[in-house]
Amino acid sequence: MQYRRLKKNRDFNILFRKGKKVFSPYLTILYIPSDETVMGIALSKKHGKAVRRNRIKRLIRAAFSECMDKLPFTCTVVIMPKVAESYSFDDFRASLLSAFRRMQK
RNA sequence: CGAGUUGGCUGUACGGUUGCGGGCAAAGAAAUUUGCGUGAGGAAAGUCCGAGCAUCGCAGGGCAGGAUGCCUGCUAACGGCAGGUGAAGGCGACUUCAAGGAAAGUGAACAGAAACAUACCGCAGACCUUUUCGGUCUGUAAGGGCGAAAUGGCGAGGUAAGAGCUCACCGAGGCCGCGGUAACGCGGCUUGCAGGUCAAACCCCAUCCGAUGCAAGAUUGGGACUGCGUCUUGCUUAAAUGCAGAGGGCUGCCCGUCCGACGUAUUCCGUGAACAUCGCUCGAACAUACAGGCGACUGUAUGUCUAGAUAGAUAACCGUACUCGACAGAACUCGGCUUACAGGCCAAUCUCGGAUA
RNA sequence: GCACCGUUAGCUCAACUGGAUAGAGCGUUGGUCUACGGAACCAAAGGCUAGGGAUUCGAAUUCCUUACGGUGCA
1 MQYRRLKKNR
11 DFNILFRKGK
21 KVFSPYLTIL
31 YIPSDETVMG
41 IALSKKHGKA
51 VRRNRIKRLI
61 RAAFSECMDK
71 LPFTCTVVIM
81 PKVAESYSFD
91 DFRASLLSAF
101 RRMQK
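End of the first sequence = 105 in the working numbering, gap-free, step of one.
Hints may be right or wrong, so weigh each one.
[Claimed, not checked] When the alpha-carbon atoms are kept at most 27 Å apart in a straight line, the in silico DSSO-like pairs for lysine-lysine are as follows: (1) Lys7 with Lys82; (2) Lys82 with Lys70; (3) Lys18 with Lys8; (4) Lys21 with Lys7; (5) Lys46 with Lys20; (6) Lys20 with Lys70.
[Said to hold, decoys possible] Distance ranges between label pairs, derived from CB positions: (7) His47 with Phe16: 16 to 26 Å; (8) Arg5 with Thr28: 31 to 41 Å; (9) Lys21 with His47: 31 to 41 Å; (10) Lys8 with Thr28: 17 to 27 Å; (11) Thr28 with Lys7: 11 to 21 Å; (12) Asn13 with Val83: 15 to 25 Å.
Read the hints as simulated data drawn from the structure, not as lab findings. From the three backbone atoms N, C-alpha and C, an ideal C-beta is built for every residue, glycine too.
Construct the entire structure; sequences and hints are all you get.
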């Protein structure tokens, strides 16, 4: 299953203005229903230096591609991690799944 | 054996399943699929210097401005490196140093008598007054005091008291000789030594520098009519055609030089401007050997191709081993500097101390 | 990625060309006034000048370096 990456600053602004929010322990997710699945990651410099930020993005990408099937409908998504001491793959995956369940309602 | 000094290397390893960027090959009309191989660092970082490269109509001169500052080399270049000199520190191996010029000029708070020569206390002499205390003049930089700094240090002679006033030694300046490419060193002679410190204060001298940076820049956005705005002074011409003048560009200013257009809107024709392409990785490249040089480095030969992304590629899960893994992620490319860094390893006929023979 | 700027009291800013106690306003605390509060007036506290090093007799100021914050560039 494939997904596109969200890249344009314009598209991010649309989501920040009109997207619906879903919260989970480690992530904040903005989404808008659309024809195909598009995913973007918003990560500020507060999360640390380049190595740390790259690590977070890789974990989110891996977790998203694993549990993308559980999405209730195709939509455009922006994922924003919360600042924390440490991160793990399992936390992100659990957060994504719980957020997807809440989107279904 | 212990304690050090200097220089260098390394920066978890192996396996399985599922994935990611680039390349090559094959299949396919295409989307795409399959296979092979490849994919972060010593600092990739900070952006502190130096270059390549690109654009700025030309890349010219001067002023302004900026940088550097012992000597000789190395280098494409450098504010870098190497080898020396001098000074400071260390028992030593060794380490550190923006290390030109203060008789070109300006400036330097407060305190202090004085910070270009000046006498506050003191010391000494002479005179005055005199019971004493004292006062005036002169000499004096040895002592006190002020200060970050007080006119070279120390000892002896000398003197009314003192003073390079005289002498020895040390320091400083000058001259000569010798050694060294040079910085400078050594030796001799000579000058009693009229002036300190600060130039990472202004400044002077010497040398160097055009500006902007890959978000530079190039390609595919082209043509026609019309309108509007900026510039448009005069003469002339069919015409911005020509001449003079004004204006504008070229680095902040001047000289000099270049320029006749520039911007924008509507309509029509055309249309691929965005998940674009190029710049974008073969280069002052890397590895090995030999040669030259104390060394930085250079030359020759052979071999290798070693990321090229663009919301930005190295991940997820599992297993095994150990000393249980630090700092940290390429973004046009090189040469340096600086800063961060768990641990491990190596070298030097290196240094000091102890023990034994 | 590239270029550049800033950091001084709780907050907003000064401090001239290095010179001594680093000032001002707002705020805070205490007092005067008032029946009480506000306003006004008087007084006080509060600073390792972002951290470290260098130059200098002397550094908020000059130089080097680190950290943090911010601005511009299609």
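Results for each hint:
{"no.": "1", "hint": "Lys7 with Lys82", "in the structure": "holds, 21 Å"}
{"no.": "2", "hint": "Lys82 with Lys70", "in the structure": "holds, 22 Å"}
{"no.": "3", "hint": "Lys18 with Lys8", "in the structure": "holds, 16 Å"}
{"no.": "4", "hint": "Lys21 with Lys7", "in the structure": "holds, 20 Å"}
{"no.": "5", "hint": "Lys46 with Lys20", "in the structure": "holds, 24 Å"}
{"no.": "6", "hint": "Lys20 with Lys70", "in the structure": "holds, 18 Å"}
{"no.": "7", "hint": "His47 with Phe16: 16 to 26 Å", "in the structure": "holds, 18 Å"}
{"no.": "8", "hint": "Arg5 with Thr28: 31 to 41 Å", "in the structure": "violated, 19 Å"}
{"no.": "9", "hint": "Lys21 with His47: 31 to 41 Å", "in the structure": "violated, 19 Å"}
{"no.": "10", "hint": "Lys8 with Thr28: 17 to 27 Å", "in the structure": "holds, 20 Å"}
{"no.": "11", "hint": "Thr28 with Lys7: 11 to 21 Å", "in the structure": "holds, 20 Å"}
{"no.": "12", "hint": "Asn13 with Val83: 15 to 25 Å", "in the structure": "holds, 22 Å"}
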